[in-house]
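Going down the list, the protein sequences come from chains A and B.
The opening position of the first sequence corresponds to residue 1 in the numbering used here, with each subsequent residue numbered one higher.
The opening position of the second sequence corresponds to residue 1 in the numbering used here, with each subsequent residue numbered one higher.
Everything labelled a hint here was simulated from the structure, so no lab data went into it.
Note that the structure is predicted; figures quoted are calculated from it, not measured.
Cβ atoms here follow ideal geometry from the backbone N, Cα and C, with glycine treated the same way.
Possibly wrong hints are sitting among the right ones.
Cβ pair distances, simulated, as ranges [claimed, not checked]: (1) A/13 with B/47: 17 to 27 Å; (2) B/215 with A/27: 20 to 30 Å; (3) A/10 with B/24: 20 to 30 Å; (4) A/15 with B/117: 34 to 44 Å; (5) A/10 with B/102: 21 to 31 Å; (6) B/288 with A/6: 39 to 49 Å.
If you want the building blocks of each chain, they are given just below.
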Amino acid sequence: MTPEEQQELIRRRKGRNLAVALAIFGFVVLFYFITIVRMGD
Amino acid sequence: MASTAAPAVTMPADWRDFFALTKPRVMSLVVFTGLCGLLAAPGSIHPVIGFTAILCIALGAGGAAALNQWWEADIDAQMKRTAKRPLPMGRLGREDARDFGLFLSGLSVMVMGVAVHWLSAVILAVSIFYYAVVYTIWLKPRTPQNIVIGGGAGAFPPLIGWVAVTGDITLMPVLLFAIIFIWTPPHFWALALFVKTDYAKAGIPMMPVVAGEKSTRRQILAYSVALLGVSLLPWAIGGTGAIYGMAALALSGLFLALSLPVAFRISGEGDTMKPEKRLFAWSVLYLFALFTALVLDRMVLA
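Let the sequences and hints guide you as you build the complete structure.
Spelled out as structure tokens, the structure:
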């Protein structure tokens, strides 16, 4: 693997990690509010 | 079909490739019709639960789209329109696309069941199975009626949105299903008439290739007539007011008017296919306008 490929690999991994982190955080927030709403039913 | 070798993947995929797997443009139409079903339904839903229902419809559609592309990677590679998708380009591992699709599908159904209710979750699961298995794997490569069958998959979102609110299946959401079901063949065959060469090359039995142009054109007209009737039914049974009724009459009338020149002509050498392109463009606008009218009607009445 060339240094350029190595760099590209790290960049993509970072992007995917960030996307997964945002998705998980989004679901945490969503489930917090779903729980509040459902408890009120 | 899924077993032939894909280009070797050396790099881990970019997140955008996974995003592209969900067919974001199709998803926008799915989200729109699902939201309209939800807004047009009688009764109310908490905004958070309503948002969750639409999110689940979108995730389910994305999962089904990923599974569709996992299965059709070889076919996509042979067509100009789809050759740049992540799998034919080798930007993504095939198994990764399959697992991503299964994960999104499972997640969407589970969240829908837990947060909204299980009837809409079951319908969502059926719609994903219908699109990914019944349509993509089983019938699309086997019959020129594939588009008619595939239309069923696209018809689920407003039904799911409606059921998310009411909790039961009545005639109205079934009519919304029927409208999209009847709308799909003339919408897609108009497109297929001007891009048919690609499908023939990839071995997909599209109607213009199998039954010929003339028959396809007559069938477009038949469905347009049926669409005029079906789109008026929600009004006829008293499920909507006159706003929707008048809009449906005008929009479907124009749809039928545009399908007439398509029905009674034969394309020549180097044809620009203007009537077909016009009908296709109107068909997209038509669906947005009709469902907008449905929601407006309900908001004014309520």
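Results for each hint:
{"no.": "1", "hint": "A/13 with B/47: 17 to 27 Å", "verdict": "violated, 36 Å"}
{"no.": "2", "hint": "B/215 with A/27: 20 to 30 Å", "verdict": "violated, 49 Å"}
{"no.": "3", "hint": "A/10 with B/24: 20 to 30 Å", "verdict": "holds, 26 Å"}
{"no.": "4", "hint": "A/15 with B/117: 34 to 44 Å", "verdict": "holds, 36 Å"}
{"no.": "5", "hint": "A/10 with B/102: 21 to 31 Å", "verdict": "holds, 28 Å"}
{"no.": "6", "hint": "B/288 with A/6: 39 to 49 Å", "verdict": "holds, 47 Å"}
The structure fails to meet hints 1 and 2 from the earlier list, while all remaining hints are met.
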